[in-house]
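K.L.:
Chain residues, written in single-letter form:
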Amino acid sequence: MAKRTRKRRRSPEDNEERGARPFWSGTLTFGLVSVPVDLYPGNRSNRAPLRMLGPEGEPLARRYYSQKTGRDLEADEMIRGYEINKDKYVVVTDEELERLAPEQSRDIDLRRFVELESIPPLYFDRSYFLAPSAGSEKAYRLLADTMKKEDLAGIATFVMRGKEYLVAIFPENGILRAETMRFADELRSPEDIGLPDKKKLPAATVRKFEKIIARNSDRHLALKELKDEKTAQLLKLVAKKRSQHKDVIKVEEPEQPEGKVVDLMEVLKKSLAKKRKAAA
Amino acid sequence: MAARAIWKGELKLNSTKVPVNIYSAVHDQTVRFHILDERTKTRVKQHMVDPESGDEIPNEEIRKGFEVAPGTYVILEEEDLESLEPEASRQIEITSFVPATEIAPEYYDRPYYLGPDGDQMGYFALAEALRNKEKEGVARWVMRKQPYVGALRAEGDHLVLSTLRNAEEVLSAKDLPRPAGRAPDKKELGMAKQLVELLKGEFDPKEYKDEYRERVMEFVKKKARGHAPKLRLVKSKRKAAALDKVLSKSIEALKKEKRAA
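In order, the protein sequence lines correspond to chains D and A.
Sequential numbering of the first sequence, starting at 1, is according to this note's numbering.
Sequential numbering of the second sequence, starting at 1, is according to this note's numbering.
Be aware that a few hints might be false.
Capping the alpha-carbon separation at 25 Å, the derived lysine-lysine pairs in DSS-like fashion look like this [what the hints assert, rightly or not]:
hint	chain 1	residue 1	chain 2	residue 2
1	A	K249	A	K206
2	A	K245	A	K186
3	D	K163	A	K209
4	A	K245	D	K138
5	A	K249	D	K138
6	A	K209	D	K198
Everything labelled a hint here was simulated from the structure, so no lab data went into it.
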């Protein structure tokens, strides 16, 4: 295996949670009203990520290397290609992807308001928060308050970072949540899968299930049902091994600060607090 | 073409069992790019290196560790990780039922269609009962060594099982400070309400198309033939205006649009 040169740059696909800047900034519009907003992730990944370590316990880094030359590659030595034939690629640049988005497609234009509960959950994909950006607090609040009063969610499509998104936007505690949704052609239908059609059913069979449902119904889903048991067990095992001084490795050089995972909640809180100050 | 089941399981509601096949409901259409070495235009691969020496560390020498303090790791060996794996089972246990509107959108992760595996009667009866009662089932199961919590729902005549995110994975707006800004006045609220009502309608997923994806594919095809069109960068310009003026203008414009339609 070829010896690889020393590289310190981060790979282009680093966790989106890193860094305290908004994921994207854009404009939310309804009618002719425009509300500049910053977008932040509303989901976070596993809270107990395991690090890959070398034989001496040194934290390792993931690197890209060229399949052909074996050389490690810096972010600016890599490009994006679409495979048009086997091993034949059409190169597409960031700039081209950006320019392919028509101007109005970069706005989140709320052209329709619907009842949130009318959207089948299988459309929901990922969650983001929209925070008001400089000077837009008033229009932001007007939109959030109105949607809350009318109990409606706004629907829009927009292009962000080289991809078009369908979103449902709705207020939660005065903050707008943007839930991305799958496009209709990204969901299979029962016919696509080849599921059988419904047969005539004896009413008694349906009633039997209705009874089971009625007997086991709760009004709410307790959040503790959604606890990450596996991570909890992992943390327990880690604590046990640590107290027994088993397999504990101390590395001379502490992890570089760039590798720190930023607490998303803290980022969001700070961002909203800053705006409060500016608005006061 | 009929899809292949990715897994087989058995819904268990108390002592009643409904055998099912599981199919992915998602058919990802994202335009797939590969990362290439700019110089050779060939694919790249990933590996783990020691950032100090730049040396590649082969897979069999990589250890997994949890950082308990800066620079201090507790190593988890293969057998440690295996001891954390849940017991394999075909059972999808429905532990309770909640109102079909109870679970917030941000918890839903990946949807799967369920199909009857043999007993069609039980399958369709369960779907109909869930719809009649406007409930969804809370499900727990282990699939490919991963424990899942999910929601079992009726979509039309069929059953959909969606995996749910862990509570730790979802940020709640309740923990965030409310954005500041002056409270809107009555007049503004009235106009905004009017505007939203003019735009009120049904959610029809067929109305929305990923046009950008089509533009990208069209561009790629043209570029492959050597006729990449010149793309110009468009800058957006926006004028700031008083909120109430913009609102009333918007309402006028929409009313006009509606009359014309």
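K.L.:
The structure should be examined with respect to each hint, and the outcome stated for every one.
P.N.:
Now the hints, each set against the structure:
With a C-alpha separation of about 30 Å, the suggested pair A:K249 and A:K206 falls outside the 25 Å cut-off, and the hint is violated. Proximity of A:K245 to A:K186 is assessed by CA-CA distance (about 15 Å); at most 25 Å being required, the pair is judged to hold. Under the criterion of a C-alpha separation no larger than 25 Å, the hint pairing D:K163 with A:K209 is consistent with the structure, at around 12 Å. A distance of roughly 14 Å separates the Cα atoms of A:K245 and D:K138; the hinted pair therefore holds under the 25 Å criterion.
Distance check on the hinted pair: A:K249 and D:K138 sit about 18 Å apart at the alpha-carbon level, within 25 Å; holds. Between A:K209 and D:K198, the direct Cα distance comes to roughly 30 Å. Violation of the 25 Å bound is thereby established for this hinted pair.
When the structure is compared with the earlier hints, violations turn up for hints 1, 6 and for no others.
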